Structure formats: C-alpha cells, structure tokens
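A.B. asks: Could you build the full structure based on these sequences and the hints that come with them?
The listed protein sequences derive, respectively, from chains A and B.
Residue numbers for the first sequence follow this note's numbering, beginning at 7 and rising by one.
Residue numbers for the second sequence follow this note's numbering, beginning at 380 and rising by one.
If you are wondering where the hints come from, they were derived from the structure by calculation, not from laboratory data.
Incorrect hints may appear among the rest.
As the list claims (entries may be wrong) - Derived EDC-like pairs: lysine to aspartate or glutamate, alpha-carbon spacing no greater than 16 Å straight-line: (1) B:K692 x A:D88; (2) B:K433 x B:D497; (3) B:K509 x B:E467; (4) B:K645 x B:E624; (5) B:K645 x A:D139; (6) B:K509 x B:E474.
A quick note: this is a predicted structure, and the numbers were derived from the prediction, not measured.
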Amino acid sequence: MNLHLRPVAALLLAAAVTGGCATQQQPLPPAAAPSAETLDAMQRNGDVAAEVPAPREPAVPLSPLDDPGSPLYKKVVYFDYDTAEIRPEGAELLRTHAGYIYQTPSARVTLEGHTDERGTRDYNLALGERRADAVQRFLVAEGVPAERLSRLSYGEERPAEPGSSERAWSLNRRVELVY
Amino acid sequence: MQRPLSLTALLLAALLAWGSAGTAWAKLTIEITGGVEGAQPIAVVPFGNIDGAKPGVDIADVVAADLARSGKFKPMPRREMLMTPHREDDVDMREWQVLGMNSLVVGEVTPRATGGYDIRYALMDVFSGKTLLADTVTSTSKGLRNAAHRIADAIYADLTGEPGVFATRIAYVTSRGHKSRVALRVADADGFNAQTIVDSAEPIMSPAWSPDGRRLAYVSFEGRQSAIYMQDLGSGRRERIASYEGINGSPAFSPDGRRLAMTLSKDGNPDIYVLDLGTRQLTRLTDHYAIDTEPAWAPSGDHLVFTSDRGGKPQIYRVAPTGGMAQRVTFQGDYNAAAEYSPDGRSLVMVTREGGRFRVVMTDPQGGSRRYVSNGRLDESPSFAPNGNMIIYATQNNGRGVLAATPVSTGASHRLSRDAGEVREPAWSPLMRR
Numbered sequence: 007m008n009l010h011l012r013p014v015a016a017l018l019l020a021a022a023v024t025g026g027c028a029t030q031q032q033p034l035p036p037a038a039a040p041s042a043e044t045l046d047a048m049q050r051n052g053d054v055a056a057e058v059p060a061p062r063e064p065a066v067p068l069s070p071l072d073d074p075g076s077p078l079y080k081k082v083v084y085f086d087y088d089t090a091e092i093r094p095e096g097a098e099l100l101r102t103h104a105g106y107i108y109q110t111p112s113a114r115v116t117l118e119g120h121t122d123e124r125g126t127r128d129y130n131l132a133l134g135e136r137r138a139d140a141v142q143r144f145l146v147a148e149g150v151p152a153e154r155l156s157r158l159s160y161g162e163e164r165p166a167e168p169g170s171s172e173r174a175w176s177l178n179r180r181v182e183l184v185y
Numbered sequence: 380m381q382r383p384l385s386l387t388a389l390l391l392a393a394l395l396a397w398g399s400a401g402t403a404w405a406k407l408t409i410e411i412t413g414g415v416e417g418a419q420p421i422a423v424v425p426f427g428n429i430d431g432a433k434p435g436v437d438i439a440d441v442v443a444a445d446l447a448r449s450g451k452f453k454p455m456p457r458r459e460m461l462m463t464p465h466r467e468d469d470v471d472m473r474e475w476q477v478l479g480m481n482s483l484v485v486g487e488v489t490p491r492a493t494g495g496y497d498i499r500y501a502l503m504d505v506f507s508g509k510t511l512l513a514d515t516v517t518s519t520s521k522g523l524r525n526a527a528h529r530i531a532d533a534i535y536a537d538l539t540g541e542p543g544v545f546a547t548r549i550a551y552v553t554s555r556g557h558k559s560r561v562a563l564r565v566a567d568a569d570g571f572n573a574q575t576i577v578d579s580a581e582p583i584m585s586p587a588w589s590p591d592g593r594r595l596a597y598v599s600f601e602g603r604q605s606a607i608y609m610q611d612l613g614s615g616r617r618e619r620i621a622s623y624e625g626i627n628g629s630p631a632f633s634p635d636g637r638r639l640a641m642t643l644s645k646d647g648n649p650d651i652y653v654l655d656l657g658t659r660q661l662t663r664l665t666d667h668y669a670i671d672t673e674p675a676w677a678p679s680g681d682h683l684v685f686t687s688d689r690g691g692k693p694q695i696y697r698v699a700p701t702g703g704m705a706q707r708v709t710f711q712g713d714y715n716a717a718a719e720y721s722p723d724g725r726s727l728v729m730v731t732r733e734g735g736r737f738r739v740v741m742t743d744p745q746g747g748s749r750r751y752v753s754n755g756r757l758d759e760s761p762s763f764a765p766n767g768n769m770i771i772y773a774t775q776n777n778g779r780g781v782l783a784a785t786p787v788s789t790g791a792s793h794r795l796s797r798d799a800g801e802v803r804e805p806a807w808s809p810l811m812r813r
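C.D. replies: Okay, here's the thing in structure tokens:
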C-alpha cells in the first residue's frame, strides 16, 4: 500500500514539486475527445500524486493458477442474494488459495467484489465491498498476511454474465481473486 | 381528449455523435410512450423564412416537440392546420377556435447581416385573440436548437407559471454491450447534441451536476481503483477529488456548490463524508459499521439524506451536514435507497423494492405517503428536472438499459434510448444561466 499517498500529503507534495499548483488540473487537448486514459496520462505527467497502476504479476509458466487441472484454476467464489456469507464450496476454494498465497511470498491478490444488477448502483458498490471484505477476513483467518491482499468493489458495473435471468444473477454475485 | 399518443413514436429524433478515436456512440432516440390526458391543445405554426433564410433547424418543430414531452401540451399535427400565418396580424383567430386550440404560436426567422438569425415569435390566446408573449431571440447558426428550446421555455413559463426545462441538459452513462467501453455523456434534454465528457475501458458511475451547471462530478475506475473526479464542462479540465483506499463514490454537490458529499470506505466501511472544496477539509458525517451511502442534499442545505442498512435492510436516513445523530426517514418496505429531494424540498424520490420489483417512488420528506412514479422491474437512478415537474430515471426495455422521463403529474412519458447498448444513471442539469 506504499503507493497510496494520503491525498492531503499528496497535494502538498504535488504543490512542492510543481511550484504551487495544488490542484491536479490539466487542460484537455483541444482536438481529441477526452478518454480516461488520456486524462490519466496527462495527470501522471509531472504529477507525483497520480498513481501509476502496479504492473500485474507476470504469469509464471506452468503456474497452477493457469493450469485447468489445478484446484487453483478456479478463482471465483459465489454468493447468495443480498448476503456476503461465504458458502461451503467457496470456503473450500478459499482455503486452497490461502495455502497457495501463504506459500508464495510473491503472490499479491486483489479481491474484486461484484453484485447482480438488482438494487441501486451505489448501494451495490458497498455490497460488493462487503463481499470482498468477507473473503479478505476469511483468507486472513486462514493465515494469509493481510498486506498481500487488497479489495476492490465494482458493484454491479462489471457483470460476468449479461442478462436479467436468475442464472446470470447467480454468476454475477461473486468475488474474483485476481493475482 | 384521452387519446393516447400511443406506443408508436410520435417523435423520433436521431443524432449521430462521435466519441474519441472514431468510437461511434450512435443515435440517442426519443420516443413518447404515454398518453396525454388533460394536455392543452396548442398550435405551433411552422415559422416563416424571411429574406431567403435557410436555418437548417425547424424551430416550430423543436418547440412543439418540447411542449409535447412536458405532458402538459398537445401540439396540433401540422397536416391538420388549414392556414400557416407567421405574424400576429395575419392570424384569423376564428379558424383556430373552430379547430379547438387554446393557444397559438407563430413566428419567422430572418438572417442577420453579421451571421446567425433573428427569430421573432408570438404566443397568442385563441379565446381572447390577445398576444400573451412576443419576443425576438437571436441565435448563431449552430445555436438554433438551443434558441428553439429557450422559446419553448418562455411559452411554457407563460402558460403554466413555472419555468421550462427544455434548454437544460442531461448527463448519463452509456456503454455498448458486455465488457465494452463506457462513456459519460451530456445531451440536450431532448437527446440531441450529445457530447462525450469522458470515456474509459473501466466503469464510470454516479454523475452529479454542480448547482451552476458548469461542472460534473463522477466516479471513474480507471487505474483499477475508484476515484471521484470533478470536470469543468467548458474547458474540459478535471481534478481528482478523492482516491482513497476502498470506495470513493456517490458525489453530491451542496446547494451552494462549495461542498461535495461522498461515500468513502477508507476508514473501514462505507460512510458519508463532506469535502469543503475550498479548504479541502473532509468532515465525516456518519460512523457506523453498516453501509452508509448515496448522500443527497436537502435544497435548503440544512441536512442530507442517505441510504443505510444499519437497521438490517437499506432505508433512508437524514443527518446534519456537520454529522451527529442520524434519523430514520423511511419505514415502509424492506428496500428504500438512492433518495433525492425535489427542487422545492417538498418531496423525496427514491428506489423501492416490492414483490421483487425495483421501482421509483415519490414520498414526502417524512417518508409518509407514497406514490409510484415508474412501473418497471429494475428501475433506478431517479433525478428531478430543475423545475420539479419531471423525473428522469433508468429502466429496462427489451433487456436493454434506457432512460425514461415522466411528468410528476400524470401525462405523456418518454423514453431516451440508443439503438444498441445501454443508457443509464441519468442526472438532470440545473437551469442553465445564459
């Protein structure tokens, strides 16, 4: 988490570096329509506070995470409607991953929480975080150092399965372990 | 006069708009879907073109379409007009009385020597034959639709005594299909002139207008974490306002525009905070182990409402902008969320669940009487028009996300949709000062 600068500190730092421009403002290029990537890249230019996303861990050849025959190949736990309770099959999968993360010091995992589309979007964002929290607590209880784990809720914004069927909903209420 | 305008489109408006890098965020279409009980008959006669004017926009058509969408007026179809006067002096009022009109609009467009146009128009009362309103609006060639919306606003205000909202804008989030690019866009209230504010491969959420209509706050997940941004619509400049660990969500400008309420989970779980945009001081309003989110300001600024499941299920609570004890507002039902005040502060609109359906419901600020505004299964994100007469919300049509706007009093409702992909999270702008 050392990449996370507290915004106040970050602003002060940015002010010190850029000579007084305390806000992170950059004009748009006049011709191009603004894509988040452009805006983000401009923000990174000469702006210490903007966070560079950490590079994803390169896939190690023959990693069990990529081997369809390995129990670690599955990286998604599913939830019932409106709860963050971990089901027995989810607990089993998480124990397998806990063992792997514990034994693999380089492993860093983002726990991405998701919900189905029912309910309001911001409330679902909070529910997704609650699910990611539940998985984090479970893994920590299994011995995984908390600093190897981070949480990110997408709420209902990134369904795994489109549509409004019970099946789609059940596949969308999930936490994905992203190594 | 109970003939509905029917499910066939009365009005189809299409615009090809282009996002960045050649990305086409194609057509936004408006379709009038509801009936117009009690709507006033009005004739908006096609405007005359003087001195070879070729304005390229049918002003009368834009005005009539605006008035129809309000649900309060039923413009006469052109094919039923027997005469097409452009000036008050040329009007034979008996003809319009026979045709059953209450009001009549005539006008003409004249080119200006310096470019652009003068649009002279008059609103007349058919019974008395009196001119209620006569004015000349100047416009650039590109600004003709906006000029037409301002004329519609003036007519609406004169006939109803309330401000019109046709010259306002709507922000919304749109995406094309599954796992595709997402864009925050702003369009005129009739769906035209859509512009991309930002687009991304990662989710964008929760657009919120500043009270002066010049800035939008929104949530973007670029860089694989959520952050709240504030963007100036004129210059395109944007600023990252909050990017703490965890959730950075639900931005809401205070009525004075100086503070931004938001949801942050940096201290463990989602709570409501207020950031002073001047001093950058962050005040925590709630501190509870439950979910607290979706803050919305009362128009007076003296409290906020928010969603919390501290009682076990999501309900609406209120809290002072300085924090302190939160009071529960809603007690009916087991899911009430995303409340927003009407501009006059006399009503709340929110999402409620009943029988597995999520619908938009209106209630009083004490959470007492309830009235359903929408009739879908997955309706959400209600937002009041700045005159309080319409509510826009997100709904599903044939499995796709579309926007629907409906008058607070019953009448014509209409739908804004794209020919492909989703449209969601509408936010109606404040009245735009010129």
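A.B. asks: Honestly, which of those hints from before does the structure not fit?
C.D. replies: none
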